[in-house]
Amino acid sequence: MSTRSLLPQFFCAVERRLTLGIAHRTSCTKTVIRRVSYLKQKSVIALTRRHLISDIQGFIPCQRYTTSTMAPVIPKGDPIQIVDNLIKNNRIAIFSKTTCPFCTKVKELFSSLNLEVAVIELDTRDDGADIQDALLQKTGQKTVPNVFVGGEHLGGCDSTIAAHQNGRLEFLLNKSQAGPKAEMPDDVKYDYDLVVIGGGSGGLAASKEAALLGAKVAVCDFVVPTPIGTTWGLGGTCVNVGCIPKKLMHQAAILGQSISDAKKFGWDVPDSAKHNWHTMVEGIQAHIGSLNWGYRVALREKKVNYLNAFAEFVDPHTLKTTDKKKKETTITSKYILLATGGRPRYPDIPGAREYGITSDDIFSLPYHPGKTLLVGASYIALECAGFLAGIGVDSTVMVRSILLRGFDQQIAELIGSYMAKHGIRFQRGYVPIKLERIEEGSPGRIKVTSQNEVGELLEEEYNTVLFAIGRDACTNNIGIEKANVMLNPRNGKVICDEKEQTNVPHIYAIGDILDGKLELTPVAIQAGRLLAKRLFGGGTMLTDYVNVPTTVFTPLEYGSVGLSEEDAIAKYGANDVEVYHSFLTPLEVAIPKRDDNEGYAKLICVKSLNEKVVGFHILSPNAGEITQGFAIGLKLGATKADFDNLIGIHPTIAEVFTTLNTTKSSGADVLQKGC
Amino acid sequence: MVQKLKAEGFEQFQIVVSEVENKNPNGNIFILFSGSKDTTGQSWCPDCVEAEPVIEKALESAPEDATFIYVGVGDRSSWKDPNCVFRLDSKIKLTCLPTLIKWGTNKRLLDYQCNNLDTVLMMFED
Ligand SMILES: Cc1cc2nc3c(=O)[nH]c(=O)nc-3n(C[C@H](O)[C@H](O)[C@H](O)COP(=O)(O)OP(=O)(O)OC[C@H]3O[C@@H](n4cnc5c(N)ncnc54)[C@H](O)[C@@H]3O)c2cc1C
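Chains as they are written, first to last, in UniProt numbering: chain S, 1 to 675; chain H, 1 to 126.
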């Protein structure tokens with residue numbers, strides 16, 4: 001769908017307003033309101049100042065205008081109020097400085113789109129600095145421009161331009177244009193109050209909660225088989241081909257490590273201890289099978305109608321469902337929730353779909369994968385490489401550029417080097433260009449040809465090639481255009497507001513398909529539950545997508561909450577960021593004498609915010625367990641002093657956070673030496 | 001018609017199951033584990049008493065070639081014994097009564113789920 005498809009409607013509205021006589025370009029020296037139109041310029045009537053001000057409600061006047069007539073509009077002097085009013089009363093509000101080139105760029109963007117903006121130029125006002133502080137408090141952003149659209153914080157120049165490109169700007173503009181949502185007509189009868197498309201983490205949570213609150217609910221869940229035919233039961237990605245089997249295989253790998261450590265602790269473990277792929281897969285699949293069944297029972301008990309069928313839109317309130325036997329049914333619903341998740345992407349190269357597999361296949365693979373190539377630098381690629389190597393599979397990771405894009409890059413590299421030391425081969429700078437089958441079999445033999453930036457070719461044989469180069473949102477084959485739901489044209493994800501509401505008021509989206517949000521199970525679950533409570537239980541709570549803890553289950557786990565060092569520097573500036581850090585060696589590995597100083601911990605603090613901790617990072621065994629608890633500290637705004645004041649639990653890994661006293665900027669040695 | 005069988009105690013249960021498996025290797029076997037009935041024909045386990053008519057009713061829509069086995073696991077004290085063989089056997093691993101199992105699958109219904117006609121029907125329909 002075109003990003004701009006809905007804009008003409010908006011232009012019409014601007015035009016209408018202008019013809020009604022709202023000011024065209026008018027400005028005062030300290031505050032500027034621009035209402036620009038490429039149309040009907042002549043018809044615009046110049047207004048008296050008084051008209052202008054009463055017309056543009058909430059307009060924050062410059063000092064010159066603060067006469068008694070203005071007093072009720074602007075509580076003078078309260079910078080927070082000034083900020084809030086500008087945001088509340090103007091579709092587009094920009095806090096800017098006349099001298100700042102990025103501010104100019106943002107203003108030019110809006111004027112090129114013929115959009116009206118309200119601007120406060122901070123450098124032309126005595127209270128500019130106070131307003132800037134108020135903005136920092138409100139948004140965590142100190143720099144200008146600071147842009148708000150439809151009451152929502154967009155950010156600075158880059159985020160605004162990105163929002164323009166990814167459809168979010170258009171979405172917010174349309175939304176603010178629509179005004180308060182019209183209540184849905186009650187007299188229309190639908191088959192259901194809520195139909196959820198997708199029975200994964202988010203969809204199941206939402207449907208069960210909605211049914212508990214008395215709504216009539218159906219969930220459509222259908223798994224399209226992978227190219228090699230793998231399929232699975234109810235529960236979505238996490239349970240079947242994600243978190244659950246992944247963590248269990250990670251555990252299989254950890255046990256392997258423990259078995260070899262055990263000898264050093266006195267256990268008489270035979271050197272012949274070998275891993276059996278089939279036993280592991282059977283055990284994991286049996287567990288998943290009982291979870292699938294458990295979900296079905298839970299839906300039944302809560303009277304949610306489970307339709308094992310593929311759903312697609314016929315119109316905004318009607319879905320066509322097609323089951324395994326190709327039987328079609330039409331259902332209507334008052335509300336529709338999109339929770340279709342994502343599926344692994346294949347590269348567009350010969351042989352990829354025919355001979356390659358993905359994370360959708362590996363966890364139930366009926367044969368030992370043999371020598372395996374993992375393509376990609378995503379957390380999924382590294383996790384799979386980690387557990388495969390851990391159970392003795394010959395594993396190679398092929399990475400085009402950086403590891404773990406979006407994660408803290410220092411830690412990403414530490415993960416890479418740890419994995420390399422533990423028998424995982426990395427081929428960096430290469431991408432595969434062709435897969436050819438040399439021999440059929442379980443596993444067969446595949447020749448992989450890859451290429452680096454300067455065109456050098458590399459050929460190598462593998463038994464299994466697993467692609468983990470990214471995931472695509474399942475939004476391209478569900479007739480979404482028939483419901484007019486806006487997608488980010490760059491990634492096909494659904495654009496929503498903070499209520500998970502799309503541009504179509506009765507259609508919502510949660511989970512992995514949500515644009516700009518985290519792809520994590522607990523995030524999808526929280527969003528689903530809170531949304532159901534808001535729709536059917538009078539709830540008001542919104543999902544808080546900030547400071548969500550997460551863990552990458554590589555051989556050394558990486559837990560984090562808050563900002564990466566790069567993001568903290570981008571947000572607060574290098575001078576305002578202090579990083580406290582230490583390498584670490586868990587006591588447990590002291591006797592087997594392995595992994596000396598391979599673990600790492602760091603806290604990222606903002607100096608001007610009383611050393612508030614904005615980033616928490618730990619690379620160690622059980623990092624997930626450590627991070628979960630500390631995350632509450634970051635959510636509550638803990639400072640470095642709060643961490644220092646906390647007493648550790650000895651001997652643990654986590655206690656390192658109570659004694660971090662070396663800053664990265666000092667350049668001092670942080671290798672841990674003894675107890 | 002669904003074939004209905006009964007077994008009392010672990011040994012008899014094993015014999016009955018293996019007979020059914022031999023006779024009809026592809027048929028579905030549903031097994032209900034209950035507290036054993038006393039001389040009055042009542043189980044000491046109230047949830048089992050409640051579940052019985054629900055399961056009876058649901059059996060009317062079970063597949064024709066299915067077999068249903070009612071297993072009494074013993075009196076209250078033998079069930080409460082943590083070493084009760086029904087709790088320990090790796091194929092059964094009972095944790096509560098009643099438990100309805102579709103033999104050879106991961107599908108099971110636990111205590112109050114066995115007296116919900118909807119969930120029991122789902123078990124038989126599959
Ligand atoms: C290998 C791997 C490891 C992961 N590890 C973790 C982890 O450790 N921790 C974590 O928090 N997250 C992890 N994730 C991410 C997590 O699995 C997802 O964030 C989560 O499952 C998203 O939930 P969802 O509800 O958005 O969608 P999903 O769980 O993907 O569910 C969507 C469901 O909708 C179905 N569907 C799609 N389209 C239709 C349609 N048109 N009609 C009917 N049904 C449809 C799909 O088949 C699927 O069953 C992992 C993911 C992967 C792939």
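Hints listed in this document are in silico derivations from the structure and should not be mistaken for laboratory results. Predicted model, so just to flag it, every value in this text is computed and none were measured. Don't take each hint at face value.
[Stated by the list, open to error] Calculated Cβ distances over 12 Å to all of chain S for the following chain H residues:
#1 F10
#2 I15
#3 K37
#4 W44
#5 P46
#6 T105
[Claimed, not checked] One side only, chain S facing chain H, incomplete, derived with CB under 8 Å:
#7 R300
#8 K302
#9 D544
#10 N547
Backbone N, C-alpha and C define an ideal beta-carbon position, used for all residues, glycine too.
Outcome of the hint check:
No beta-carbon of chain S is positioned within 12 Å of the beta-carbon of H:F10; the least distance is around 23 Å. The beta carbon of H:I15 sits about 26 Å from the closest Cβ of chain S, which is more than 12 Å, so the claim that it is off the interface holds. For H:K37, the condition that its CB be more than 12 Å from all CB atoms of chain S holds, with the nearest at approximately 27 Å. With a minimum CB-CB distance of about 26 Å to chain S, H:W44 clears the 12 Å threshold, and the non-interface call stands.
No beta-carbon of chain S comes within 12 Å of the beta-carbon of H:P46; the shortest separation is about 20 Å. A cut-off of 12 Å between C-beta atoms contradicts the statement that H:T105 is not in contact with chain S; the least separation is 7 Å. At about 5 Å, the closest approach between the beta carbon of S:R300 and any beta carbon in chain H falls short of 8 Å, and the interface hint on this residue holds. Interface restraint check: S:K302 against chain H, minimum CB-CB distance 10 Å, threshold 8 Å, status violated.
Because the smallest distance between the Cβ of S:D544 and any Cβ of chain H comes to about 35 Å, over 8 Å, the interface hint for this residue is violated. The interface hint given for S:N547 is violated, since its Cβ lies 37 Å from the closest Cβ of chain H, which is over the 8 Å cut-off.
Hint check: violations occur at hints 6, 8, 9, 10; the rest are consistent with the structure.
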